[in-house]
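Residue numbers (our numbering), protein chains in the order written: chain F, 1 to 82; chain S, 83 to 450.
Derived by calculation from the structure, the hints in this document are not laboratory data. For every residue, glycine included, the Cβ atom is placed at its ideal position computed from N, Cα and C. Where hints are given, some of them may not hold.
As the list claims (entries may be wrong) - Some chain F residues close to chain S (C-beta under 10 Å, calculated; not the full set):
hint, residue
1, M1
2, W5
3, R6
4, V15
5, E25
6, R45
7, G63
8, A64
Unchecked claim - Computed, partial: chain S to chain F, Cβ under 8 Å:
hint, residue
9, T170
10, A231
11, R260
12, G302
13, Q305
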Amino acid sequence: MPVLWRLARLDFDRVRQQPVLLYPEGALLLNQTGAAILELCDGRRSIAEIARELGERYACDVGADVTEYLSHLAERELIREA
Amino acid sequence: MKPDGPGRPTTLLAELTHRCPLHCPYCSNPLAMVGAAGELATGEWKRVFAEARELGVLQLGLSGGEPLARADLEELAAHAHALGFYTTLVTSGVGLTRARAEALRDSGLEHIQISIQDAEDGEADRIAGARAAHLKQAAAALVRELGFAFSLNAVLHRANLDRIGPIIELAAALGADRLELANTQYYGWALANRNSLLPTAAQVEAAATVADEARRRYRGRMQILYVLPDYYERYPKPCYGGWGHTYIVVAPEGRALPCHGATHIDWMRFDSVRDRSLEWIWTESPAFQAFRGDAWMPEPCRSCPRKADDFGGCRCQAFALTGNAANPDPVCTLTPLRAIVDRAVEEASAPPPPYRYRVLDPTAGPAG
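Model the full structure from these sequences, guided by the hints.
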């Protein structure tokens, strides 16, 4: 059940017109897909559930993308296990 | 912003004041500091924050000196929150009463970083030149209780590097979410105290092993960042993605700098936010353009494949050690200037001289 690090928060930067993940000493500019994945990281959904929900929304298989994206962010300690 | 101009900055470090209750000899502030009368007023800082946000800045550091020395800190933090920054208060913890901590929480401040000097109170107080260790521990408990995102920062040097293990355990006991273990960088007071502060190669090697083990052990509970001592590296550190690339510092009196170390480049004119907009300073001012890109680079940097990683190293260090800010960073082993750093390391192998403590008014001594 992935969840955002307690110190990180999703925001929308109106200057760049782009979603952004903010955390101490850092800012990650996101694309729409990245933001959509992180919005579902609420500690109550599994990676499979997140992938299924986004797959239905975009009408395609996003399983591999979601897994890869979240493992990349977990490596940077921005995503934790709830 | 012009399409062919610089990108957008992401970080503003607001040095609200040089006033500070501590006297740490490793401080990167300049030897000649600004008194309270010279500081930007509340309204000026608010304008600077608004301009920074319009420019694209996302991260705001409220720093100093000791930012709690400003009575308007809560008002500035509230303004920053309303503008949408992720704001960090960079503090010694001294002066963080419950009333002020609660007011800061109510202002929307998210993240507090407290400095610690050592794991042993007596040594910590000797390094800080003030009886502060117990106050810092009380401040840490308050920060934790009120639910702030909480970092600790320990600057490392010869006197405390051997206790990096106990420092890490202290940080865990205080409940930090993050711990920055930052080896001293030699600017300002730190440069003046270099012979007292530079660790030995053996100390550096042992500390790196401890930090590495702790980073793995605390993963998921406390994030540990270990900043290497660059005098013992083969290549220079990258300077915030390069000069004028992502980072702006505004000094207490309003001068805008590409790095807090840049204040030491004494021939360079840094425009003040009192005279110019932050956007003009970022895009047009000669100082911010001076070392953007790689056209300014001398050899061996210009033809070096590493220039994409370290941008020729630190301009402030090149100036501090060679007198020419356009030289390669003397830390780099690919330049003959490296002999300067090797000589400094050799010189510091002698028994350390007493500290020259940081004081705002050089005629007054440290309180401790």
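Here's how the hints hold up against the structure:
no.: 1; hint: M1; verdict: violated (14 Å)
no.: 2; hint: W5; verdict: holds (8 Å)
no.: 3; hint: R6; verdict: holds (7 Å)
no.: 4; hint: V15; verdict: holds (5 Å)
no.: 5; hint: E25; verdict: holds (7 Å)
no.: 6; hint: R45; verdict: violated (19 Å)
no.: 7; hint: G63; verdict: violated (25 Å)
no.: 8; hint: A64; verdict: violated (25 Å)
no.: 9; hint: T170; verdict: holds (6 Å)
no.: 10; hint: A231; verdict: holds (4 Å)
no.: 11; hint: R260; verdict: holds (6 Å)
no.: 12; hint: G302; verdict: holds (6 Å)
no.: 13; hint: Q305; verdict: holds (5 Å)
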